[in-house]
Amino acid sequence: MKQIESLWKERVQLYIHELRKYLKYIFNDHLLFVAIFALGAGAYYYNGWVKTLDESFPIGLVMGILLGLFLTMSPIYTLLKEADKVYLLPIEMKMASYFRKSILFSFVIQAYLLLMLLAICMPMYVQASGNGFQSFLYILIVLFILKVWNLYLQWDMLKIQDQRTAIFDWLIRFVLNSCFIYFIIERANPWIFGLFIILYLALFVFYHRTVKGKTLKWDVLIDKEQKRLNAFYRFANLFTDVPKLKGQVKRRKWLDWIFQFISYEQKNTYTFLFARTLIRSSEFFGLYMRLSIIGAILLYFSNQMYLSIGISILFLFLTAFQLIPMVNYHELKIWQYLYPVDRTFKEKSFLTILTVSIFIQSIFFGVVVLFSQSWLNGLIVCLAGILFSVIFTKSYVPVRLRKMSRSL
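Residue numbers (the working numbering): 1 to 408.
Source of the hints: derived by calculation from the structure; they are not laboratory data. Bear in mind that the values here come from a model prediction, so they are computed numbers and not experimental data. Just so you know, not all the hints are guaranteed correct.
Straight-line C-alpha distance at most 27 angstroms; calculated DSSO-like pairs for lysine-lysine [as the list claims (entries may be wrong)]:
#1 Lys348 <-> Lys227
#2 Lys159 <-> Lys101
#3 Lys85 <-> Lys101
#4 Lys101 <-> Lys212
#5 Lys94 <-> Lys227
#6 Lys101 <-> Lys217
#7 Lys217 <-> Lys227
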C-alpha cells in the first residue's frame, strides 16, 4: 500500500517537473507580451460587446452549451506509462487508491479551468439576466458537483471499449449537463431540479452496475495518457526542441506543385529541404494552417480597420515566431552534413521560406478583410502584414538564429 502511495507521488512530481521544464520556454518574454496584449484587447472588446446585450439575449442557452461542453469533457489524468501494463497489471486490484487520487488530481486541474470559464461568463450573465454577481458562488458549487459526477462516469466508461457506447454516453451527458445549466441560469421551477437530480443518481447507479466486475482497459488508459502528453509536447515543440516528441510526416501530394517554384540549383538545397519540411511535417504545417484559419475567422468578424491590423500582425507574429524552431529540425540528422553546400546557405534558405510563408499569410488575411469589410481595408491590412513580415524576418529572426546556434 505504501508503495502505491509513493508511486503516485513520484508520478505527480515527474509530471509537474516535465511541465515546468517546457513551460519556462513557452511563457518567455516575447509570448508573454503577446498574450498580455491579446488578453487586454480581448477583454476590452468583450466588455464593449457585453454592454450591448439585453434581456432578449439567450444567456441560458449560451452558458448551458459552453459550460455543459466543458463539464462533459472530463479526461482523467492517470499518469500511466507504457511499461505499467506489464508491471502494474498483476496488482490492479490493489491500485484503487492510486486511481482515486488520479480522479482527484483531474478534478483539481479542471475545477480551476471551470472557475476561469465561469468568471468569463459572469459579466455576460449579469448584463443579460439582470441578476447580480451573488449567484457566482452558487453556480460554481453546482458546477463542481457536476464535474465530479462526470469524472466518475467517465471513469466507468473507460472500462468499456465499444466506441459507439462511448459516443452515446458523451451525448447523453452533454444534453443532461447543458439542460441542467440552462434551467439554473433561467431560474426554472424547483421541481425540475429534483427531476434532474433523480436522473443524475439513476445514471450513476446504472453505470456503476454495468461495469461492476469489469477490469480496466490498460491499453486505452495508457493510449489516452500518451496522446495528452504528446499534445503538450507538440505545443512545447513550437518554442523549443522536444526530444521525446515523435513527429509525423505526410506527403500532401496536392501541394507538390509548390516545389516547381524552387529552381534546381545547388544553392537551393536547403530551400528545398525547408519547403518540404514545412509542408510535410505535421507540427509545422498544422501550426501554419491552424493559425491562418483562426486569424481569418477573427478578421472576418472584426469590423474595425485598426483592430483588423492588430489581429493580422498578432497572428503573423505567432506564426513566424513558432516556425523558427524549424531551422534546427534536421540538426541531429547526419546526412545533411554530407551536402556539398556551404552551411551559410542554410540560414538564408530558412529566412527565404519563412518570409514567403508569412507573405502568403499576409495576402490571405488581406483577402479575408477585403470580403468582410472593404477593398481599401483589405489592402491596408495586407500591406501592414507584409511590412511587419519584412521587419520581423530582417531584424528579429537573424538575432534569434544566432542565439540558437550558440546554444547548440
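Subject >> In rising order, the numbers of the hints this structure does not comply with >> reply: Going through the list in order, the structure violates hint 1 alone and respects the others.
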